[in-house]
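Peer 1: One-letter residues, chain by chain:
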Amino acid sequence: MRSIAASAHTEFAPSRRIDAGLFAGEDDFLRATRELRARGFEIVDAHTPHPVHGFDDAAGIRRSRLPAATLAAGVAGFALGTWLQVWTSARDWPVDVGGKPWNSMPAFLPVTFEITVLFAGLVTVGVLLCRSKLRPGKRAWLPDASVTDDRYALLVASPSGSHRAEEMAALWRGLGAERWFTAEDRP
Amino acid sequence: MSHAAAAATHATDALPPVIDGGKTLTDVTRDVFSPLERKASPAWKAGFAAALCALLLGVTAIGYQIATGIGTWGLNRTVGWAFDITNFVFWVGIGHAGTLISAVLLLFRQKWRTSINRSAEAMTIFAVMCAGIFPLIHMGRPWLAHWVFPYPNDRGTLWVNFRSPLLWDVFAIGTYFTISATFWYVGLIPDLATARDRAKEGLRKRILSLLSLGWDGSARTWSRYEVACTILAAIATPLVVSVHSVVSSDFATAVIPGWHATLFPPYFVLGAVFSGFAMVLTLLIVARKVMRLEAYITPRHIGAMCKVVVFTGSIVALAYLTELFTAWYSGNHYEKFVFLNRAFGPMAWAFWIMVTCNVVAPQLLWFRKVRSSVGAVFALSLVINVGMWFERFVIIVTSISRDFLPSSWSGYAPTLVEWATLVGSFGLFFTMFLLFCRYVPMIAASEVKTVLSDRKGEVRP
Numbered sequence: 001m002r003s004i005a006a007s008a009h010t011e012f013a014p015s016r017r018i019d020a021g022l023f024a025g026e027d028d029f030l031r032a033t034r035e036l037r038a039r040g041f042e043i044v045d046a047h048t049p050h051p052v053h054g055f056d057d058a059a060g061i062r063r064s065r066l067p068a069a070t071l072a073a074g075v076a077g078f079a080l081g082t083w084l085q086v087w088t089s090a091r092d093w094p095v096d097v098g099g100k101p102w103n104s105m106p107a108f109l110p111v112t113f114e115i116t117v118l119f120a121g122l123v124t125v126g127v128l129l130c131r132s133k134l135r136p137g138k139r140a141w142l143p144d145a146s147v148t149d150d151r152y153a154l155l156v157a158s159p160s161g162s163h164r165a166e167e168m169a170a171l172w173r174g175l176g177a178e179r180w181f182t183a184e185d186r187p
Numbered sequence: 188m189s190h191a192a193a194a195a196t197h198a199t200d201a202l203p204p205v206i207d208g209g210k211t212l213t214d215v216t217r218d219v220f221s222p223l224e225r226k227a228s229p230a231w232k233a234g235f236a237a238a239l240c241a242l243l244l245g246v247t248a249i250g251y252q253i254a255t256g257i258g259t260w261g262l263n264r265t266v267g268w269a270f271d272i273t274n275f276v277f278w279v280g281i282g283h284a285g286t287l288i289s290a291v292l293l294l295f296r297q298k299w300r301t302s303i304n305r306s307a308e309a310m311t312i313f314a315v316m317c318a319g320i321f322p323l324i325h326m327g328r329p330w331l332a333h334w335v336f337p338y339p340n341d342r343g344t345l346w347v348n349f350r351s352p353l354l355w356d357v358f359a360i361g362t363y364f365t366i367s368a369t370f371w372y373v374g375l376i377p378d379l380a381t382a383r384d385r386a387k388e389g390l391r392k393r394i395l396s397l398l399s400l401g402w403d404g405s406a407r408t409w410s411r412y413e414v415a416c417t418i419l420a421a422i423a424t425p426l427v428v429s430v431h432s433v434v435s436s437d438f439a440t441a442v443i444p445g446w447h448a449t450l451f452p453p454y455f456v457l458g459a460v461f462s463g464f465a466m467v468l469t470l471l472i473v474a475r476k477v478m479r480l481e482a483y484i485t486p487r488h489i490g491a492m493c494k495v496v497v498f499t500g501s502i503v504a505l506a507y508l509t510e511l512f513t514a515w516y517s518g519n520h521y522e523k524f525v526f527l528n529r530a531f532g533p534m535a536w537a538f539w540i541m542v543t544c545n546v547v548a549p550q551l552l553w554f555r556k557v558r559s560s561v562g563a564v565f566a567l568s569l570v571i572n573v574g575m576w577f578e579r580f581v582i583i584v585t586s587i588s589r590d591f592l593p594s595s596w597s598g599y600a601p602t603l604v605e606w607a608t609l610v611g612s613f614g615l616f617f618t619m620f621l622l623f624c625r626y627v628p629m630i631a632a633s634e635v636k637t638v639l640s641d642r643k644g645e646v647r648p
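In the order they appear, the protein sequences are chains U and G. According to this note's numbering, the first sequence is numbered sequentially starting from 1. According to this note's numbering, the second sequence is numbered sequentially starting from 188.
Careful: at least some of the hints might be erroneous.
[As the list claims (entries may be wrong)] EDC-like, lysine to aspartate or glutamate: derived pairs with alpha carbons at most 20 Å apart:
(1) G:K210 - U:D149
(2) U:K133 - G:E388
(3) G:K392 - U:D149
(4) G:K387 - U:D150
[Claimed, not checked] Using C-beta positions, here's what the derived DEER-type ranges look like:
(5) G:K392 - U:R65: 54 to 64 Å
(6) U:R173 - G:P425: 48 to 58 Å
(7) U:A68 - G:P533: 54 to 64 Å
Hints in this document: simulated from the structure, not taken from any laboratory. Glycine is no exception: its CB is placed at the ideal position from the N, C-alpha and C atoms.
Work out the full structure: start from the sequences and follow the hints.
Peer 2: What follows is the structure, given as structure tokens:
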């Protein structure tokens, strides 16, 4: 099974052929995913205009481990926020403000909380963009321009690359695909 | 979807469809994106011209005030805060509805939020921008505003006072703006990709390509993306509660009566949701007509928002009663005086406007007939925003104009510069919002498509 991190579109082994089928209906798309996976095809990826609930199960995609990054960043933010305030207010240059204690931990909580949330949020988005390889200037590869509109594209690789074009065509037709093609061109 | 699942969905979720008109995915794309590809309507141009004039008025007033000094305002030694901080809290409060719709309703899986969350979240960002102006200009020396940040400096190093709510505000508002803008932008990426794929070659397509970060609708990315959005929603929720709690602490942690109450955080947070939803209603009732999005922002959406308004408005009314009760029950004659002064003193007119607009008027929303009348709801939303502005004005000005020492008591009257600055903040807000309507997909199309697909098992009435 391909790792989630690998880009589906730029790192194909030259000998492996990727077949793509375009579906107008979400139900047909999901059914095709389950069918093809049951027949031993590898579900390389899909391109859809919206997240299709049920696709992850049908394709055997593991749930993202993004929350772990969020937690780590949040803990780091909490530590930084606490350290910043304790060091500046109780160690480096404590200033007597209304007789409040140098280490006013309860009063330090709002700023600590904000920094925790800031780190957690920004790192979550950063990891999302990195793992998904989204960046300004990246050219999107779409199997068809309609996948950001109203069509669902399924990309599969056959188990041994041995299915001939006619076999694939019959398969796609049977599964209800509108169009099908071999995805060989890369930008 | 299997029959059993579809039947279960239908049985447990027999609500009217989220979007009217039996829309397909193609319809959604067309309805959301074609307004961006048309020329601006005369209504948009007129609104934009008016907003821009108001903005220019505000910029002039602020320029004059910064060059000349805070003496151009009506503040005096007793009343040190008035319009400036009232406007700040007003705008921050308005921002909170956007985050509530985006984040909290996501966590509660309220599918109806998808038609309104993009514009509500945009409203949040613009409201926080307007809010941020006021702490900046109310400083005697705004060019030293960077002193609020803790950085090593040549003044000692003199660090900031982390024990002060005024400093907490810096971190709270800064974080709130950053996270809101991030959440909004991340939600926008798939729709920017759709706009990119519809655009003809040229500058517009290149800008959209840049901003959509190469989004290709990959299902693996969508999977990660949904997790990220849920995480952002989960952290934005306590964030929004904390931000307005921190802002309310500006008036909760002082010594003077009226600014010495533990009630303020929940009172202000729910008041913020109240005023924010009123502003969302004001904006979207107009926008849905002008942008022909009545099938997406339906009477059901308006009704749901009205229910939030009547609920939070009732809590605000309860907070007023609580203040009355604690003023009496405390036995503290300074606390009693604050309440009596607000209701019967020289600024009683402001207090009674507040009560009429925030307590009395929203009660009309208990009636279905009122909730279903878009015109009535629009009028009420304006009334509520006026009332909530006055609430902050009453809390701020009446408390400080008459505190412990009668010989220090003083009145307050705003100057033209302060009025112009207030008008200017509305100008900035509406300018930004109108630009948003014109250039950015107003409805989260990919989210609406997800809801349509999830609801496919239902039989439409």
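Peer 1: Range first: 48 to 58 Å. Now tell me if the beta carbons of R173 of chain U and P425 of chain G are that far apart.
Peer 2: holds, 52 Å
Peer 1: Honestly, do A68 of chain U and P533 of chain G meet the 54 to 64 Å range at C-beta?
Peer 2: Roughly 59 Å apart at Cβ, these two residues keep to the hinted range, so it holds.
Peer 1: Range hint 54 to 64 Å: satisfied by the CB atoms of K392 of chain G and R65 of chain U?
Peer 2: At roughly 35 Å between Cβ atoms, R65 of chain U and K392 of chain G fall outside 54 to 64 Å, so the hint is violated.
Peer 1: Between the alpha carbons of K210 of chain G and D149 of chain U, is the straight-line distance 20 Å or under?
Peer 2: holds, 13 Å
Peer 1: When you check the alpha-carbon spacing of K387 of chain G and D150 of chain U, does it fall within 20 Å?
Peer 2: The given pair, whose Cα atoms are some 19 Å apart, holds under the 20 Å limit.
Peer 1: When you check the alpha-carbon spacing of K133 of chain U and E388 of chain G, does it fall within 20 Å?
Peer 2: violated, 24 Å
Peer 1: Do the alpha carbons of K392 of chain G and D149 of chain U lie within 20 Å of each other, as the hint requires?
Peer 2: Holds, because 16 Å separates the two Cα atoms, which is no more than 20 Å.
Of the hints listed earlier, those the structure fails to meet are numbers 2 and 5, in rising order.
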